[in-house]
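Asks: Residue numbers (the numbering used here), protein chains in the order written: chain A, 171 to 397; chain B, 126 to 480; chain C, 305 to 407.
Just to be clear, a hint being listed does not mean it is correct.
[Said to hold, decoys possible] Partner residues are not named here, just some residues of chain B that face chain C (Cβ under 8 Å, in silico): (1) D177; (2) G187; (3) P269; (4) T407.
If you are wondering where the hints come from, they were derived from the structure by calculation, not from laboratory data. Nothing here was measured: the structure is a model prediction, and the numbers come from that model. Positions of the beta carbon are idealized from the N, C-alpha and C atoms, including for glycine.
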Amino acid sequence: MWFFPHGCKGGCNTANEELFKTLSDAVVSCKKDDVIAAVEKAKGKAPAVELIDNGLAAGMNEVGVLFERGKLFLPHVMMAADAMSAGVEMLQDELGSSGGASSKLGVIVNGTVEGDVHDIGKAIVSTMLQAAGFEVHDIGRDVPVQNFIDKIKETNADMVGLSALMTTTLQGQKEVIELLKENGLRDKVKVMVGGAPATDAWAKKCGADCYAENASEAVAKAKELLL
Amino acid sequence: MATEYFLRMGDGQKIFMTKEDILADIAAGCADAADLGDIPTLSEDEMDHMLDIITAPGRIVGVEPGMEVPVTHDIGAIRIDGDQGNSGVGIPASRLVGSMIHERAFGADTMELGHIDYSFKPVKPVISQEQQTMEVCQQNMVIPMLYGAMPNMGLYYTPDGPFENPGDLMKAFKISEAQESIQKAGDHGIRDMVWIMQKLQKVGSDGVNFDTIGAAGDGDMYASLNAIEALRKEFPGMYINAGMAGELVLGMHGDLEYDGTRLAGLWPHEQVLLAEKAGANTFGPVCNTNTSKTSAWNMGRSVTFTKAAVEASSIPCHADMGMGVGGIPMLETPPIDAVTRASKAIVEIAGVDGI
Amino acid sequence: MPIAHIMASGMTGMRAAGDLVARMQFAKNMRIGEAKDFVAKKLGVENADLSDEFVMREIREDLDIGVITSVPGCAKGIAAKMNIEKLLGIDINCCDTFRNTIA
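Isolated chain A (complex conformation):
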């Protein structure tokens, strides 16, 4: 997935708005064929960057909202993400000619800290971040502190997401942050904490950059911090 940091460059007229809505609706339908057909029709009628930004990406945002509201489920999120990728791929040539820049939103390493075997909440956050356009490296659960550092270095990550579901393992989040400092990485890497016992107050106390209450908030806060 891709990020296009442009708005409606030439202004959004009514015809374009309809075009964008068709693209957005196609993504929300979670059907790859619908997205491909919609992109085929839309191609050339507006700059590719706008078709993606205001059409496909807007649809993906809507998918996130519907997931939070229990109207769409994880498989739908992934199908929509897959469909959107296919749509973006079709616009690649035009992107080059129009000078549009495309890039990943950012690179995130996600994991549950050592001693904590809870995986599912963190996996949902990883999936939602990935669907939103981040490059996510989910390194699993019960992850030794050093492994976070190694993966961050290996992937040149912009952010690390630290999950913990138990009050006893919460401290592990702080340990990763301390090791980031020791390795001189803290200024370069943003830190997000989450999991049932984590709170805003804990994020401040342990020196994280943010706390996310759920998967949708994780996406929103990652965008705030990285874009």
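Given chain A, put chains B and C in place with the hints provided.
Replies: Quick look at chains B and C alone, frame taken from chain A:
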């Protein structure tokens, strides 16, 4: 300057707000639940009653005499001894002693025996110990004594269990494989839960508390409802509580159904109907506390969701009112002012049958 | 926290009649009002008395259904539950198991 009243944030921190601001937060919390669940919000009178509860001058509040309800305590048998992150207080004591302390010293209305891990799966290899402990508890206790555990389907996925991790499969866009894995884990979980409870019923357990149903999404609920159905069929007199993990059943699979109803995306007032159909005697609605919001917002939201479930239900509803749910702050030592206020509101406004 | 809930909203178990009301909820799916009506009728008291330690202490001793303090000679454990079975007209699993053991 307007008078300010003290209340709590969802993480337990003390804050001060005016009556107007508290009422606005109550209304916003109610509206959020009503919007998400497509359920009625609370009436103005009910919101005013909640405001009175929150701004009551005493540190501790309680229900009006005559409105009391049974209060149980999940995992209580190890609450005394527990010291591994389960909110236990680390006092060396057997589970029998823990249970009897709750019965005789704390005045609990019902109790449950739980394993230190509190999930069903790890009980299987130590079932004889659980049976023995249940027998001893039943010989000594008078109040209803259930066996409690979490379905916790997460333990059935790699690297903890035999089935491929659906989270990993999903991220690799292997959607049908992920769904298949969830279904298989669910079927395996049903077998384990039924087998464990067969053994415990044999030695005199009053029944079972399925605690945090749906923690691993719709597969978790699929397994739990089918296990409840099987147990009800085999043990008509068994006490069965179906307690949820959160207000929304997350769709990890998305297409799993029980009795023709899709499980993903169900809210408490919809969940209870299936629990009832499966054969549960009591249902535990849950609403998670948002730690970034005030207790007024959280109580408004929690009571709105719970009231809708209570009204939709024809079986007793025992609301889950533990740490970080039901409007209670997410803190291992939740402030007593906040706990008693949430407790009173859920009984007097939501009309629950128990806690 | 359980104590806070019990003090704020609970029927206080064997201090009063909370265990009996809870049993009827579990055994017969009775909602709170129905369960209280049922138990109050069996005990010959008002619903409000079910949480009243003063009223219930004497009743529990008279019926020998278990009291919260350590009273020598009072029925305890399964013995108390067998008396509860008779009082409420229900079967309790561990009492059945016990009877099967001694049969």
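Asks: Output the indices of the hints that this structure fails to meet, ascending.
Replies: Result: hint 1 breaks, nothing else.
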